[in-house]
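A.B. asks: Sequence:
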Amino acid sequence: MALEVKVGVKGMTCAACVARVERALKRAEGVEEARVNLTTEEAFLRLQEGVDLKEVLKRVEEAGYEPVVAKAEIPVKGMTCAACVARVERAIKKLPGVVSATVNLAAEKAFVEYLPDTVSLARIRQAIREAGYEPLEGTEEARKEAPTYRKDLLLALPFALLTLLLAMGPMLFPLPHLSPWLQAAAALPVLYAGRRFFRQALAEVRHRALGMSTLVALGSGSAYLYSFLVLLFPGLFPEEARHLYFEAGAVILALILLGKHLEEGAKGKASEAIRKLLALRPKTARVVQEGGEKEIPAEALIPGDRVRVLPGERIPADGVVEEGQSHVDESMLTGESIPKAKGPGDEVVGGTVNGEGVLVVRVTRVGEATVLAQMARMVEEAQGHKPKVQELADRIAGVFVPVVLGVTLLTFTLWLLLGPGLSHAFVAALSVLLIACPCAMGLATPAAIAVATGRAAQMGILFRKGTALEALARADTVVLDKTGTLTLGRPTLTEVLPFGMEAKTALRLAAALEGQSTHPIAQAVLEAAQGLPPLAAEGGKALPGEGVMGRVEGRTLYLGGPALMERLGVALPQEALALAEKGYTPLYLSDGERLLAAFAVFDPPRPEAKEVVAALKALGLRLVLLTGDHPAPARRVAEALGIPKVQAGVRPEGKVEAVRRLQAEGRKVVFVGDGINDAAALAQADAGIAMGSGTDIALEAGDVILLTPDLKGVVTAFLLARKTLRTIYLNFFWAYAYNVVLIPVAAGVLYPFTGLLLNPMLAAAAMSLSSLFVLTNSLRLRGFRPYRGLTAAL
Numbered sequence: 001m002a003l004e005v006k007v008g009v010k011g012m013t014c015a016a017c018v019a020r021v022e023r024a025l026k027r028a029e030g031v032e033e034a035r036v037n038l039t040t041e042e043a044f045l046r047l048q049e050g051v052d053l054k055e056v057l058k059r060v061e062e063a064g065y066e067p068v069v070a071k072a073e074i075p076v077k078g079m080t081c082a083a084c085v086a087r088v089e090r091a092i093k094k095l096p097g098v099v100s101a102t103v104n105l106a107a108e109k110a111f112v113e114y115l116p117d118t119v120s121l122a123r124i125r126q127a128i129r130e131a132g133y134e135p136l137e138g139t140e141e142a143r144k145e146a147p148t149y150r151k152d153l154l155l156a157l158p159f160a161l162l163t164l165l166l167a168m169g170p171m172l173f174p175l176p177h178l179s180p181w182l183q184a185a186a187a188l189p190v191l192y193a194g195r196r197f198f199r200q201a202l203a204e205v206r207h208r209a210l211g212m213s214t215l216v217a218l219g220s221g222s223a224y225l226y227s228f229l230v231l232l233f234p235g236l237f238p239e240e241a242r243h244l245y246f247e248a249g250a251v252i253l254a255l256i257l258l259g260k261h262l263e264e265g266a267k268g269k270a271s272e273a274i275r276k277l278l279a280l281r282p283k284t285a286r287v288v289q290e291g292g293e294k295e296i297p298a299e300a301l302i303p304g305d306r307v308r309v310l311p312g313e314r315i316p317a318d319g320v321v322e323e324g325q326s327h328v329d330e331s332m333l334t335g336e337s338i339p340k341a342k343g344p345g346d347e348v349v350g351g352t353v354n355g356e357g358v359l360v361v362r363v364t365r366v367g368e369a370t371v372l373a374q375m376a377r378m379v380e381e382a383q384g385h386k387p388k389v390q391e392l393a394d395r396i397a398g399v400f401v402p403v404v405l406g407v408t409l410l411t412f413t414l415w416l417l418l419g420p421g422l423s424h425a426f427v428a429a430l431s432v433l434l435i436a437c438p439c440a441m442g443l444a445t446p447a448a449i450a451v452a453t454g455r456a457a458q459m460g461i462l463f464r465k466g467t468a469l470e471a472l473a474r475a476d477t478v479v480l481d482k483t484g485t486l487t488l489g490r491p492t493l494t495e496v497l498p499f500g501m502e503a504k505t506a507l508r509l510a511a512a513l514e515g516q517s518t519h520p521i522a523q524a525v526l527e528a529a530q531g532l533p534p535l536a537a538e539g540g541k542a543l544p545g546e547g548v549m550g551r552v553e554g555r556t557l558y559l560g561g562p563a564l565m566e567r568l569g570v571a572l573p574q575e576a577l578a579l580a581e582k583g584y585t586p587l588y589l590s591d592g593e594r595l596l597a598a599f600a601v602f603d604p605p606r607p608e609a610k611e612v613v614a615a616l617k618a619l620g621l622r623l624v625l626l627t628g629d630h631p632a633p634a635r636r637v638a639e640a641l642g643i644p645k646v647q648a649g650v651r652p653e654g655k656v657e658a659v660r661r662l663q664a665e666g667r668k669v670v671f672v673g674d675g676i677n678d679a680a681a682l683a684q685a686d687a688g689i690a691m692g693s694g695t696d697i698a699l700e701a702g703d704v705i706l707l708t709p710d711l712k713g714v715v716t717a718f719l720l721a722r723k724t725l726r727t728i729y730l731n732f733f734w735a736y737a738y739n740v741v742l743i744p745v746a747a748g749v750l751y752p753f754t755g756l757l758l759n760p761m762l763a764a765a766a767m768s769l770s771s772l773f774v775l776t777n778s779l780r781l782r783g784f785r786p787y788r789g790l791t792a793a794l
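Going by the UniProt record's numbering, the letters in the sequence shown line up with residues 1 to 794, in that order.
Keep in mind that a hint or two might mislead.
As the list claims (entries may be wrong) - Derived EDC-like pairs: lysine to aspartate or glutamate, alpha-carbon spacing no greater than 16 Å straight-line: (1) Lys94 <-> Glu32; (2) Lys610 <-> Asp591; (3) Lys10 <-> Glu42; (4) Lys71 <-> Glu137; (5) Lys94 <-> Glu66.
Claimed, not checked - Simulated DEER-style distance windows between Cβ atoms: (6) Pro282 <-> Lys541: 30 to 38 Å; (7) Val403 <-> Leu488: 56 to 64 Å; (8) Ala542 <-> Gly30: 48 to 56 Å; (9) His519 <-> Arg129: 56 to 64 Å; (10) Arg90 <-> Leu121: 32 to 40 Å; (11) Ile296 <-> Lys94: 43 to 51 Å; (12) Phe233 <-> Lys94: 39 to 47 Å; (13) Glu653 <-> Arg622: 18 to 26 Å; (14) Ala542 <-> Arg27: 39 to 47 Å; (15) Glu29 <-> Val403: 53 to 61 Å; (16) Glu593 <-> Lys541: 14 to 22 Å; (17) Ala578 <-> Glu29: 52 to 60 Å; (18) Ala279 <-> Arg308: 20 to 28 Å.
Simulated from the structure, these hints should not be mistaken for lab results.
All C-beta atoms, glycine included, are put in the ideal place defined by N, C-alpha and C.
Taking the hints into account, I'd like the entire structure generated from these sequences.
C.D. replies: Next comes the structure, spelled out in structure tokens:
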């Protein structure tokens with residue numbers, strides 16, 4: 001069955017653009033028809049069923065245009081287990097125009113990418129509603145409507161204990177015989193407290209999509225109903241089957257409510273990092289106005305406002321210091337504990353803590369544009385991405401509950417035919433129903449990712465995608481950019497070789513020629529010449545790709561690399577040529593006829609680079625240095641750091657090809673770059689780590705962003721990713737091993753050997769404990785510590 005969708009396309013300006021987009025779309029697999037309208041800026045597509053819209057949209061991007069894709073986070077009420085997650089995802093993905101849909105049980109949200117020209121957000125919400133769940137309008141409504149179990153638990157616990165005492169008390173204590181109808185009455189308030197499970201179960205049955213609520217409602221409801229029928233019509237049951245299970249039904253519901261209440265608290269802790277980030281924003285700001293200062297709510301600030309920040313106060317918004325000197329604690333942003341000096345012209349971030357001085361800050365970003373808000377948004381988005389490790393769990397979850405119901409029916413039938421009787425069969429079937437609830441499966445991955453990405457943000461590492469955690473954990477090759485990544489990105493002048501003049505004179509002449517340039521090498525020359533009497537250059541001119549020229553003290557001078565000297569016909573002595581062979585970037589000063597001086601420029605490695613390279617090797621990773629710099633300096637850096645493989649002189653597009661070649665060899669590649677000229681390579685790699693500046697976190701390139709240029713963050717990211725994946729595997733092992741082992745036990749396989757059946761109340765407790773184990777195991781990631789030394793990586 002063909003599918004028709006409309007895709008908005010930005011950037012088209014003429015008929016040639018239309019033809020280009022149409023050709024690109026028609027080449028995509030599964031596209032039967034493609035028509036592009038320049039006036040409406042839309043593409044009309046007829047697609048084969050099952051086509052991956054992401055791949056189709058990628059064709060538009062490769063053609064140089066931007067497909068219009070909207071994103072939405074939809075809080076969803078009523079999800080309780082992995083089966084619910086799978087059901088909501090299926091309902092959303094069935095809609096034409098949905099690019100991707102990921103549902104997170106821990107966050108209780110659906111993260112959706114869709115084509116707004118084809119499907120509306122209202123239609124997506126309706127699909128969720130039709131699946132039996134309630135989509136909420138926004139975070140505030142979600143907060144108000146979020147299911148809280150505390151009130152129902154407080155009602156259920158005392159009456160469940162009363163029911164248990166009425167049923168079991170006479171066996172333990174010398175109590176008078178009481179009417180069994182008292183048990184029926186005492187259990188009723190517990191059923192009321194657990195009404196949400198019955199309500200949700202009806203919705204699941206109505207939509208033919210069974211989940212945890214169905215199992216709980218069947219288990220507790222059948223225990224009460226069976227007992228009630230035994231009391232009302234005892235003659236219908238054989239004598240050996242006239243047992244009452246009111247206490248089982250009541251205690252089952254109370255235990256599950258208790259488990260859900262504890263689970264709710266653990267879920268809150270899993271996403272605590274986001275709340276802590278947003279809580280750092282101060283409530284008020286002191287605005288500097290003509291005639292004095294005025295205190296206003298921080299949320300009322302607008303760009304351009306000037307705010308005064310006193311010692312010890314938090315800065316209310318992102319901005320630039322206009323007056324004052326101080327040190328600012330940015331640990332919440334970068335994870336670094338040492339405050340940074342700030343003065344006029346320096347950027348500051350809202351939520352950071354001012355130190356000893358008074359600062360006047362001009363506000364530049366407010367609201368959702370602030371670094372703090374972007375960090376919180378990135379953490380939430382990362383939690384919405386689903387790693388591949390979760391895909392198998394989702395497929396299992398889709399059929400798990402029907403399979404459990406089949407096992408329950410089989411257990412009941414076999415014990416009824418072969419076993420001691422009806423009561424025995426009922427208890428065994430009831431235990432299977434209760435012990436098999438798939439809550440732990442649904443929480444195994446999202447809980448771990450929520451905690452890990454939140455903890456990473458506290459350490460100055462932002463995961464744009466939760467899938468990057470898995471990619472880093474599975475990686476076997478790390479490709480490292482050189483300039484600005486392994487090196488400081490600030491070349492320094494290390495040596496001057498004068499020919500026929502003093503070194504200081506040569507340096508003054510070179511500085512005069514470089515006086516107006518902002519090139520990093522020019523800046524190295526100017527820094528080296530600081531403190532020397534300056535000279536002025538006349539008629540300065542840049543020679544693209546070669547260097548600069550100008551007149552200084554009445555003569556025309558040239559400053560540049562070997563190519564410029566070769567064009568001028570200037571002979572270079574061996575000691576000048578040797579600079580390049582030693583790994584320096586050579587710079588030559590000439591009057592057009594002879595060499596006056598040679599300069600050795602070198603971009604030194606970061607202080608921590610050698611240790612980081614050793615740590616990555618200790619983790620078993622293969623390292624490659626990939627740079628656009630000349631081979632000699634690249635080899636010098638690689639040898640100094642201990643990187644065995646070097647590819648130099650590679651243009652940005654060549655870096656992409658280099659990554660692809662490694663991937664073609666079957667390697668899982670992580671690229672580490674500065675996020676500027678490495679964007680394409682960062683995107684091509686299985687995961688890209690972009691070195692940020694602390695305030696520039698809106699980098700489109702890179703799945704992981706380091707908010708500080710300290711390379712140790714790369715090792716921290718790898719260590720956290722590996723620990724997170726181990727945590728997820730342990731979660732899954734527990735969730736599945738629990739079911740594999742205990743479902744047969746609940747079905748009674750041990751009965752022939754022990755003469756005992758698993759009590760349904762114990763089954764309910766075990767089910768709740770499995771979810772709590774998964775959550776508490778995930779919460780251990782909150783104690784993860786950043787990389788501090790080589791021994792931590794071993």
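A.B. asks: For each hint, tell me whether it holds in the structure or not.
C.D. replies: Hints, one by one, checked against the model:
1. A C-alpha spacing of about 19 Å is found between Lys94 and Glu32, which places the hinted pair above 16 Å, so the restraint is violated.
2. Straight-line distance between C-alpha atoms of Lys610 and Asp591 comes to about 41 Å, which puts the hinted pair past the 16 Å bound.
3. Under the criterion of a C-alpha separation no larger than 16 Å, the hint pairing Lys10 with Glu42 is consistent with the structure, at around 9 Å.
4. The hinted pair formed by Lys71 and Glu137 meets the criterion: a straight-line CA distance of about 14 Å does not exceed 16 Å.
5. Annotation: proposed proximity of Lys94 to Glu66 is violated, straight-line Cα distance about 24 Å (limit 16 Å).
6. Under the hint 30 to 38 Å, the C-beta atoms of Pro282 and Lys541, about 52 Å apart, miss the expected range.
7. Checking the proposed 56 to 64 Å range against Val403 and Leu488 shows it holds: the Cβ atoms sit about 59 Å from each other.
8. For Ala542 and Gly30, the hinted distance range of 48 to 56 Å is satisfied, since their beta carbons lie about 51 Å from each other.
9. Taking 56 to 64 Å as the suggested C-beta distance range, the pair His519 and Arg129 conforms, at roughly 60 Å.
10. Checking the proposed 32 to 40 Å range against Arg90 and Leu121 shows it is violated: the Cβ atoms sit about 18 Å from each other.
11. For Ile296 and Lys94, the Cβ-Cβ distance of about 48 Å falls inside the hinted range of 43 to 51 Å, so the restraint holds.
12. A beta carbon spacing of about 46 Å between Phe233 and Lys94 agrees with the range 39 to 47 Å that was offered as a hint.
13. For Glu653 and Arg622, the hinted distance range of 18 to 26 Å is satisfied, since their beta carbons lie about 23 Å from each other.
14. Taken as a hint, the range 39 to 47 Å holds for the pair Ala542 and Arg27, whose Cβ atoms sit roughly 43 Å apart.
15. The hinted range of 53 to 61 Å is not satisfied by Glu29 and Val403, whose Cβ atoms lie roughly 34 Å apart.
16. Checking the proposed 14 to 22 Å range against Glu593 and Lys541 shows it holds: the Cβ atoms sit about 19 Å from each other.
17. Distance hint check for Ala578 and Glu29: the Cβ-Cβ separation is about 56 Å, which falls inside the suggested range of 52 to 60 Å.
18. At roughly 23 Å, the beta carbons of Ala279 and Arg308 sit within the given window of 20 to 28 Å.
Hint compliance for this structure: hints 1, 2, 5, 6, 10 and 15 are not met, and every other hint is.
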